[in-house]
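K.L.:
In case you want the letters, here they are:
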Amino acid sequence: MRFFLFDRIISSVPGKEATGIKNVAAQEEFLIGHYPRRPVMPAPLIIESLAQLGGWAVTVATQYASLALMVKVNDLKVYGSAVPGDQILLHVVLQNINDFGAVISGTAQVAGTEILTVGSITYVLYTVPPEERKSLRQRYTSAAP
Amino acid sequence: MRRALLMRFLMIDRICELELGTRARGIKNITLNDDFLEEFFPGMPVFSPVIAAEAAAQLVSWAIIAARDFSVKPVITVVDSYQCTGHIRPGDQIEVRGAIDSLSEESGLAHGSLLVGGKPVLEIQHAVCYLYPLAELDPPERARLQFKNLYVPGAPLPEVPSTSDTPQAREQVPVRPLHWIDRILDQSTDTHITGIKNVTATEDYFNDHFPHKPVLPGVIIIQCMVSLAKHLADRLLAQSSGHERRAVLHRSDKIKFRMFVQPGDQLLMQAKLNQFADDRSLFTAQASVSGKNAASLRLEFDHVSRDEYLQRYYDL
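As they're listed, the protein sequences go chains A and B. The numbering of the first sequence is my numbering, which starts it at 1 and goes up by one. The numbering of the second sequence is my numbering, which starts it at 1001 and goes up by one.
If we strip away everything but chain A, and leave its shape as in the complex, we get:
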């Protein structure tokens, strides 16, 4: 199973925030058994969607010098759910970043209604070897629209 939990960035301000999209499709493997009588995207995977988008924003903020590894999630609230056909609008705001770690906050919405928020996701930064930064930058920036 592939594990790309956001599909697209729709806007971003490097060092500040990013907005992305996660499409929910009936075809997805995580819906098998969750639940047998009604497919619902598991809330922990929506956290992962926010964490992946936040990680993307952190890597961009460090100018491709670091990858972000999630270590802590605080103040999680789940208000609703996402089912096949829904498009989740993910929004993350970079709260803090230094040489060792970064903190973001995030919200997930479906059709204008908040379904999940996290007060903070904390990452430690993993340094990308200098010789690999160029190819990482290329991979992040050359993706066709």
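Be careful, since some hints might not be right.
Claimed, not checked - With a straight-line cut-off of 25 Å between C-alpha atoms, the simulated SDA-like cross-links for lysine to any residue are:
1) B/K1272 <-> B/S1290
2) B/K1148 <-> A/I32
3) B/K1148 <-> A/V40
4) B/K1213 <-> A/G112
5) B/K1272 <-> B/Q1286
6) A/K134 <-> B/R1183
7) B/K1119 <-> A/I32
8) A/K134 <-> B/G1043
9) B/K1256 <-> B/E1308
10) B/K1256 <-> B/P1133
11) A/K77 <-> A/D99
12) B/K1292 <-> B/R1183
13) A/K134 <-> B/F1041
14) B/K1148 <-> A/P36
What the hints contain is simulated information worked out from the structure, not anything from laboratory work.
For chain A, the structure is supplied; the task is to place chain B on it using the hints.
P.N.:
Showing chain B alone in chain A's frame:
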């Protein structure tokens, strides 16, 4: 033995509007995790434009199944024409439209289209199906439950994004190449190509197509023949343009399915090149199982460079 459910073959995510037996509109979401992503040029993953046709077929199918109170399921036999004018990218929401032109006790006639951002990307005209007893393919209570989850009356269709958005892919991610042909038997000439696909019970789409009777989906048969013909067209293009131009399916017509292809069958496919020019090629292709004609169609490919591809199919 009960097969483990790994991958599905559910090509409609939501039905938003439904007039029983007449017309329907729905949504199909494309994710980066989709099993049917392919790349015509590197770094540009799109949802297989052939498999995409299944979305319209399944939507029409639901409109007929519900109209006949879950007693029948349509099985497609003839499609007059399929035309693809744009490719669908991960992150896109497809608006799927289906309309039923006529419906009798035994058969139906329908057409459908797919739109992304309000623009048509795929059109299917004059599709004939015959109605098969549902219970022989699918447990009716399962179909009822699926329909109950799918149908959200009055749910909004995908919005047309405002032009101020500048969508971009998250980053380049690897796309697994899809292997539709198991073996190419003969490509010694520049006009014919022959290959086989072995149909096996472990293929994932049989989980949903269909639970009681595994049948190779028609779009998969088309996809196999398209891949075979494309292989020959791309080889000829590499000789004449050095990989600069590639073949992209633009149109298919006179599509006929003549039998159920099932696990254990070996699909022998032959594509014949009828015309080859700088900008397009025309094929006729046929698939058979044990000497019996299983399916046939005509294919028209556009030959495009990367820039032409971006302009015509990708950057809509």
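K.L.:
All the hints need checking, so say for each whether the structure fits it.
P.N.:
Each hint tested on the structure:
1. B/K1272 <-> B/S1290: holds (20 Å)
2. B/K1148 <-> A/I32: holds (17 Å)
3. B/K1148 <-> A/V40: holds (14 Å)
4. B/K1213 <-> A/G112: With Cα atoms ~42 Å apart, B/K1213 and A/G112 exceed 25 Å; violated.
5. B/K1272 <-> B/Q1286: Cα-Cα ~9 Å, so holds.
6. A/K134 <-> B/R1183: Answer violated: A/K134 to B/R1183 is near 39 Å, above 25 Å.
7. B/K1119 <-> A/I32: violated (32 Å)
8. A/K134 <-> B/G1043: Holds. A/K134 to B/G1043 sits at ~17 Å (cutoff 25 Å).
9. B/K1256 <-> B/E1308: Violated: B/K1256 and B/E1308 sit about 31 Å apart, past 25 Å.
10. B/K1256 <-> B/P1133: holds (21 Å)
11. A/K77 <-> A/D99: At roughly 29 Å apart (the allowed maximum being 25 Å), A/D99 and A/K77 break the hint.
12. B/K1292 <-> B/R1183: holds (20 Å)
13. A/K134 <-> B/F1041: The given pair, whose Cα atoms are some 22 Å apart, holds under the 25 Å limit.
14. B/K1148 <-> A/P36: holds (13 Å)
Of the numbered hints stated above, those contradicted by the structure are hints 4, 6, 7, 9, 11, listed in ascending order.
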